[in-house]
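Based on the provided sequences and hints, a complete structural model is requested.
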Amino acid sequence: MSDHDYRPKSKVGQWFNDRLPLLTLANHLTDYPTPKNLNYWWTFGGILTFCLITQIVTGLTLAMHYIAHADMAFESVEHIMRDVNYGWLIRYIHANGASMFFLAVYIHIFRSLFYGSYKSPREIIWILGIIIYLLMMAAAFMGYVLPWGQMSFWGATVITNLFSAIPLVGEGIVTWLWGGYSVDNPTLTRFFTLHYLIPFLILGLVVLHIWALHVPGNNNPVGIDIKKPSKDTVPFHPYIVIKDGFALLMFMIVFAFFVFYAPNILGHADNYIEANPMVTPAHIVPEWYLLPFYAILRSVPDKLLGVVAMLSAILILAVLPWLDTSKIRSAVFRPLYKQFYWILVADVLILGYVGAMPAEGLYLLIARVATAYYFLHFLVILPVLGFKEKTLPVPLSITEPILGGSPNLAAARNNESKIE
Amino acid sequence: MNSLFKLFSIIIIIITSNSYSFSAEKVEYLKTDWSFKGLFGKFDRSSLQRGYQVYTEVCASCHSMKYLSYRNLVEKGGPEFSEAQAKAIAASFDVTDGPNSDGDMFTRPGKLSDKFVMPYENVKAAQAANGGAYPPDMSVLVKARGGGVDYIYSLLQGYEEPPSNISLDDGVYYNKYMYGNKIRMAAPLTDGLVEYGDGTNATVEQMSKDVTTFLMWSAEPHLEARHQMGFKAIVYLIILTVLVYFSMKKIWSRIESEV
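In order, the protein sequences belong to chains G and A.
So the first sequence is numbered by the numbering used here: it starts at 3 and just counts up by one.
So the second sequence is numbered by the numbering used here: it starts at 3 and just counts up by one.
Just so you know, these hints were derived from the structure itself, not from any lab.
As the structure is a computational prediction, the values presented were derived from the model and not from experiment.
Treat the hints loosely; a few may be bogus.
[What the hints assert, rightly or not] Ranges between beta-carbon positions, derived for each pair: (1) A:K33 - G:A284: 19 to 29 Å; (2) G:V59 - A:P111: 52 to 62 Å; (3) A:V244 - G:P188: 16 to 26 Å; (4) A:A227 - G:L307: 48 to 58 Å.
[To be verified] Selected chain G positions facing chain A (in silico; Cβ < 7 Å): (5) W90; (6) N187; (7) P188; (8) M254.
The C-beta atom is built at its ideal place from N, Cα and C for all residues, glycine as well.
Okay, structure coming up:
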């Protein structure tokens with residue numbers, strides 16, 4: 003790549019850059035050759051960065067007014083909502099920001115699944131992404147506990163109790179997590195500490211995620227390797243920056259709608275009742291973004307196996323690059339995979355729906371079938387499909403499909419293979 | 003771009019239908035026109051003032067509102083009592099203060115900075131006085147119930163004779179909107195229970211609407227500011243989005259012409 007040859011124009015710039023090559027980095031980021039056919043599904047990386055920064059900035063502000071104490075947390079949140087200048091705005095951005103963050107991350111993940119972005123040589127980017135996703139879930143769960151409402155308290159009780167399924171040491175681990183014999187003040191203070199820490203861990207991992215991305219460069223909707231820089235690429239700035247910016251603004255309109263006109267619709271009413279260890283809510287439900295995994299957890303009759311199934315459902319994603327045996331990345335050229343992909347999307351949405359319903363009768367049956375299918379998709383369908391599927395011919399370059407139908411195509415392909 | 007919109011709307015529909023479904027098992031709530039709903043929703047000032055009257059004359063004998071202060075009654079976007087009125091309201095309550103220089107607690111008339119005086123010293127005292135049931139604090143009650151304002155509004159008017167197959171214990175009442183239909187609160191409102199200063203006819207329906215409006219404000223005191231800012235923010239974002247869209251088209255036209 004050309005950025006190693008970069009030399010700043012000014013003397014001061016050269017002096018600085020020889021000692022700390024930040025200007026080389028900036029030059030690399032602006033010139034970074036990006037496939038020119040990236041569609042809007044590729045804008046969610048930038049949107050996610052925005053979400054992370056928004057959560058950190060609003061979170062820092064909230065932390066200045068929040069009191070992490072079982073007797074005062076709920077009241078301090080009301081103090082923020084009523085008396086802190088624009089406290090209501092900051093808190094609603096933070097609370098809905100979590101949902102927006104997950105909305106964006108799910109789109110980002112499913113984009114990767116569709117276009118095979120997790121495949122060689124991008125496995126490390128993918129695994130870093132899965133770790134970020136796990137940390138996001140931990141941060142969101144602990145953040146939901148902080149207002150110390152009924153759903154905070156009972157959600158924390160249910161989730162931490164999962165660890166008691168571990169044989170022999172389970173009970174001990176739960177006591178250790180709680181810092182006592184039930185969810186109480188020590189639990190709240192440690193959750194606050196970790197909730198504060200995790201976003202910065204995520205930030206660090208995001209840097210690695212982007213770094214790892216910049217080694218092979220972006221995948222693209224056609225899913226082929228491209229020469230960089232070439233006619234197939236555009237410099238990141240201004241082309242991708244403006245496109246990401248446009249998509250981000252669209253996203254912000256949706257975000258703003260929730261913050262200003264439906265700020266509590268994604269939350270649960272019970273969380274406006276102060277935590278009460280003596281009263282259990284009728285339904286204990288996690289936030290919407292955790293519902294598919296909650297459904298998987300509850301679909302297994304055995305507690306330990308349920309926890310194992312839930313964790314496997316997430317961790318199976320980490321080995322996805324090796325489960326998917328197909329050499330073709332993009333679903334555009336995989337007619338069968340494309341169908342199974344949409345079935346998986348429907349399957350996860352169904353899991354999310356039944357996760358919100360009581361685990362009984364028909365709902366439980368649906369949850370079990372959907373859980374079984376989820377694992378079937380990754381453990382059986384994907385490995386087999388790679389060998390059985392008849393894929394469509396893949397173009398040689400990005401510009402080719404645009405020129406599609408040209409009589410010279412076959413000839414061009416022949417020439418290419420001769421050169422090789 | 004189209005598919006992006008589709009996905010957004012599908013996800014939003016799924017999410018919202020999910021969060022509604024928790025309370026969907028219950029009966030259809032009574033509906034009324036709430037002035038504070040919608041893009042430009044604002045509180046009906048006189049309804050808020052009447053609602054405060056209902057709260058303080060009826061509800062406040064059992065229900066606390068511990069996150070509100072008398073100064074809130076003056077603030078913009080609320081009932082907007084005049085400062086003199088609010089001072090008089092505050093002064094009509096006895097507030098325990100202290101300790102004074104002798105180390106004793108003492109009672110004085112309320113000030114604007116005081117929190118709403120609570121009917122009971124603590125939860126235990128409230129339970130003892132109400133047959134074991136704690137009358138919930140009303141500060142954020144509207145947000146703490148799945149059906150929100152419609153639920154509270156309906157509940158206040160939902161008292162009925164129980165069906166013959168349901169037997170009620172002493173101090174338990176039948177309400178068709180209550181979860182499980184059994185409620186420990188006797189019907190709090192009867193026609194003409196309060197006398198409105200502005201001459202509005204104090205029917206149960208009117209009082210229910212007024213007090214529910216008041217409770218909405220107490221749960222969301224900055225609702226009006228939120229709606230106003232939201233409209234400005236979204237209009238601003240839409241204009242900026244359009245501008246950025248055309249800039250994007252301009253910039254990308256350099257590339258597309260090359261192909």
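Tested hints:
no.: 1; hint: A:K33 - G:A284: 19 to 29 Å; in the structure: 24 Å, holds
no.: 2; hint: G:V59 - A:P111: 52 to 62 Å; in the structure: 44 Å, violated
no.: 3; hint: A:V244 - G:P188: 16 to 26 Å; in the structure: 52 Å, violated
no.: 4; hint: A:A227 - G:L307: 48 to 58 Å; in the structure: 51 Å, holds
no.: 5; hint: W90; in the structure: 5 Å, holds
no.: 6; hint: N187; in the structure: 18 Å, violated
no.: 7; hint: P188; in the structure: 23 Å, violated
no.: 8; hint: M254; in the structure: 6 Å, holds
Of the numbered hints given earlier, the model fails hints 2, 3, 6 and 7; all others are met.
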